[in-house]
Amino acid sequence: MIKHLLSVTQLSPEDITRVLDTADSFREVGTRVIKKVPALRGRTVVNLFYENSTRTRISFEIAAKRLSADVINFSTGGSSVAKGESLKDTALTLEAMGADAIVIRHPSSGSPTTLSRWVGASVINAGDGTHEHPTQALLDLFTIREHFPAFEGLRVAIVGDVLHSRVARSNAHGLSRMGAEVTLVGPPTLIPPDAGAWGVEVSHDLDDVLPKLDVCYLLRVQRERQRQQYFPSVREYARLFGLDRRRVEALPDEALVMHPGPMNRGVEIASEVADLPRAVITDQVTNGIAVRMALLYLMLGGTGPSGQEVA
Amino acid sequence: MARFLFRGARLVDPASGHDAVTDVLVEDETVEAIGHDLDRRGTELIDAEGLVLAPGFVDLHTHLREPGREDAETVETGSRAAALGGYTALCAMPNTDPVADTAAVILEVQNLADKTGLVDVHPAAAITRGLEGERMTEIGELAELGVRLFTDDHECVQSAQVMRMALEYARAYDVVIAQHAQEATLSEGWQMHEGYWSATLGLRGVPAEAEAVVVARDILLAGRTRGRLHVTHTSAGLSVLLIRQARGRGLRVTADVTPHHLTFIDQDLQGYDTNLRVNPPFRSAEDRESLREGVRDGTLDAVATDHAPHGVEDKEVEFDQARPGTTGLETALGAALGALDGDVGLAVARMSAEPARILGLDEHGGPVAPGRPANLTVFDPTASWAVGERPFASKGRNSAFLGRTLRGRILHTMLRGRFTVRDGEATG
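From first to last, the protein sequence lines are chains A and B. Per my numbering, the very first residue in the first sequence carries number 6; after that it's consecutive. Per my numbering, the very first residue in the second sequence carries number 1066; after that it's consecutive.
Be aware that a few hints might be false.
As the list claims (entries may be wrong) - Below, computed lysine-lysine pairings styled on DSSO-like, alpha-carbon distance capped at 30 Å:
#, chain 1, residue 1, chain 2, residue 2
1, A, K70, A, K93
2, A, K93, A, K41
3, B, K1380, A, K93
4, A, K41, A, K8
5, B, K1380, A, K8
6, A, K70, A, K40
No lab work stands behind these hints, which were simulated from the structure alone. Keep in mind the model is a prediction, meaning the values are calculated, not measured.
Kindly generate the complete structure, drawing on both the sequences and the hints.
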């Protein structure tokens, strides 16, 4: 397994399958009364969060604790600059304290890559700027796999602010690596002009895409993008790209609706759509724990759910 | 009386068109004779077989950081780096603290440079007070002091009216208005060139057009005012096209490009190496090819370093928080030769004769001829060296070329007949 997880592009289809298969067995652990295995006993995992993200941090924390690792949360609200200590000094401090893995969330794209050059610990990217969020993509793949027999030929639309979305990048790479057909949907201002080179299709017409989909993946749209002139109004955005009751009916019966959270109900997704059975948004959250357990386990080594050593 | 005889050198002197093996005799401050069988009596022989002897290089774009950021560079350390790079003259950028927008700051930098005495420093002055883009500096008085080039680098003069006035006013003194072309609204919050790699790396892009729209505007204004416009550190192929067209129309427009923009492209940022964060950013492979073509056909008159030393703490940070810039004085020759297929004549023209012409420096850039000041450099055009293998003379460690192997090594630099670098070592 890889030493650091910085980008989905590091993972081969075989790597991804291995993570998902391992997550399958860890998912069962979460259903036990005692939700804990001794796989990473004595290992130290640091959650280094430069951005508030309660959901991702808690998911990693639970994952590490269920593996019996010691977990340290190192959070800072603002940027590292505001905090005073440089990322490098923080990295050296964590290194000196004997961290085995550092899970980093940071507003600057590429900071996990930079961090990995300074530490001996494994670095896991938990979201960096507008670059990537690889564990989100892996948990999304896991969730999709629960409903479809294979990724090959699966038609997935990623809808919304692709330009600023690390989730979109990681999912576009991960899904196309696994053989799915990905279409990025949104206004031209929110799709990078060169996105086609990722091996995906681009569309500016959601209604045209919906009837052919197996998965409709919606991205959070930040209201400040309107101020920056990426689109004229939230109202127009919701009208053209929001998944409302009417649009959801254009989807094939088995199609899933997904969202990485947190949702803007009424903007990219109508409240009633978010609560439909086909909207597997809470499953994504649940699966996040198993997938992160699998990653920590595979990257740090240790004993598996049934006591076997990592191959 | 000091007499040095450089024996068996390939004299490459674009100003006279000379490119042949010969001996060069230097006596005191001047070149005494060129040719074979020169009078060797009382001379110190310097074997230059297999080496190139050229007029000392002239850098149009150096950040010496003094006054204000003496932790990053000083006039002294920057001068030493320049000499080691083969330079005998340079133009120091005015974005110091305080800004070089008054005679006092210009004189201070000149005094510091004279004290060091390793390179002739020609301070550039700001176009606008405090680099704020609003009110012109006293261009007339500064020109009388000897300032040849005015620029608001690393700010771009956004107001068309201010730029028009500067070009028009400066015409009376025959000085150059140099622009760091970057339209503010298109470049807000930029981190790299906009394209496939900015999309993939999640770094905010600035399109090549942010540069080209200002180049186009300034060319139109230069046409209107008949002023002298210089486009510095050109990065976009579109800009090269515009400059080429302006020259075809006979406008007084000149331009330079850095050795690093001739070398790197946006794709090289994949590892988020902050030493490759520069302003303007590295652009596409097609842009780089246009820049190289511009150097070959003379659209880009000069290769200038944009030597921008920074403290380690300003580079060992997250990519978007790193200060843009790379050092360049000590790597310029090797980098330029690498980008220009080892064309020594072309590199010397773009690094010496042409920038000297733009600055109007009569003493520099050749011709290397009897009676002329002995401002020379001697280099081995094929010697390879690994960047970083020996410490830089610059205080800046932030070289984009760290770890790369360059071909082309400076052995001697001579300023008015006195060695500033001898056998690869600075003399002062």
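So, going through the hints one by one against the coordinates:
1. A:K70 / A:K93: holds, 27 Å
2. A:K93 / A:K41: Answer violated: A:K93 to A:K41 is near 34 Å, above 30 Å.
3. B:K1380 / A:K93: This hinted pair holds, its Cα atoms lying about 11 Å apart.
4. A:K41 / A:K8: Within the cut-off at roughly 24 Å; holds.
5. B:K1380 / A:K8: holds, 25 Å
6. A:K70 / A:K40: holds, 9 Å
The structure does not agree with numbered hint 2 stated previously, though it agrees with all others.
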